[in-house]
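With the sequences and hints as input, model every part of the structure.
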Amino acid sequence: MARKLKRHVEEAAGELNLVPYMDIVVNLILFLMLSSTGLVQFGVINVSAPAIGGGGEPEEQKDPPLNLTVAISSKGFFVAGTGGVLPAPGSSTEPSIPKLGDKYDYAALTKKLIEVKSAFRNETKVIVTGDPGTAYEVIIGVMDASRQDGPNNILFPDVMLSPGIAQ
Amino acid sequence: MAETPHDKPEMIDPSINAPPLHHSAAEIEKEEAEARERKLKKKAKKRVEEDHSGELNIVALMDAFTIILVFLIKSYASDPTQITQGDDIKIPTSTTTLSVVEAVPLVISKKGVLVNSQAVVRIMDNGLVDPAEKQGFLIGRVAEALKKEAEHHKMISRFNSKVKFEGLLLIVADKDTKFETLTDVLFTAGQVEFGQFKFAVLKNE
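As given, the protein sequences belong to chains L and H, one line each in that order. Each residue of the first sequence is one higher than the one before, counting from 0 in numbering that gives the first Met the number 0. Each residue of the second sequence is one higher than the one before, counting from 0 in numbering that gives the first Met the number 0.
Warning: the hint list may mix true and false statements.
Straight-line Cα separation of at most 20 Å, EDC-like style, residue types lysine to aspartate or glutamate; simulated pairs [as the list claims (entries may be wrong)]:
id	chain 1	residue 1	chain 2	residue 2
1	H	Lys-110	L	Glu-136
2	H	Lys-40	L	Asp-148
3	H	Lys-174	L	Glu-136
4	L	Lys-74	H	Asp-129
5	L	Lys-74	L	Asp-130
6	H	Lys-109	H	Asp-129
7	H	Lys-109	H	Asp-87
8	L	Lys-116	L	Glu-136
9	L	Lys-102	H	Asp-175
10	H	Lys-89	L	Asp-148
11	H	Lys-174	L	Asp-101
12	H	Lys-109	L	Glu-93
13	H	Lys-89	L	Asp-143
14	H	Lys-174	L	Glu-122
15	L	Lys-116	L	Asp-101
16	H	Lys-174	L	Asp-143
17	L	Lys-74	H	Asp-175
18	H	Lys-202	L	Asp-143
19	L	Lys-116	L	Asp-130
Source of the hints: derived by calculation from the structure; they are not laboratory data.
So this is what it looks like as structure tokens:
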């Protein structure tokens, strides 16, 4: 009886019982933390498929198109353009940028594309293609390597995907 | 000789808490320090008593929780598209600086293709779509699902001038997805008015 009276007096004095509110807040926080991806930064890469036939707006180009293509094979990268494939040092059948052990050499690809860019300043397009079994991660790596070298040196940001090489 | 009022010794009022006149400055200082110490001890004792009374002050905790809750709700609401990772889908990292935009999401996980969170077609153990589901490059069920999405978005754009159907598709693919599967999906999307693709990646800053 005395305890009841005491509680009544406390409540009347303006003491708010925060425990139910705490329960709700804790549950909400747990739910949001498990379902939210707010702490992970997602981004996107713009990609387009090459136009087939006469679709799309006609482009006025003084120079012939470069058609810069990076083909991903199991041995490395083949870099090609209108007129031919950039040869590997010392061999015409090996990829332009061979693999470094088991890993693809993205730094060498960027270096090679900087050379291409210095010769074709206005070109922004690159076609990416590859073996049917090429992993998506490698394609993203090639897009990164061909997009830019550092924050200010933009290389070939317009990426087009082309169906794989049939072997 | 009668004593004048000036000759009388000065009377000390006992109510005044002043030190006696015969105390030196050092003694006064010492007494003051002791008084201060006593006061501090009393305060500390009171605080300890309060702490042991069993009443927990949860107001500060509440403040922290409320701030976390507001932050989480805001970040939850500001994401245009929900992208989640799991055992079946691990998104590759990239150096891109572009942020996620609102688009129709198409997920290619290790086990299947999902259009707007609805499983549409299964991916086999070799990482490819079942050839029975395909006609050349075209994956029939994916085409149907995307067509429905396109019609749905077109209908919304008819009633809401702010919404415009641009044929934008957000591809959320597992990092081990095979290029063949990816090109099949992109070809299929291209056949049903989705001509612009955005590949979802994790920003590697």
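Checklist entry - Honestly, which of those hints from before does the structure not fit? => result 2, 4, 8, 10, 12, 14, 15, 19
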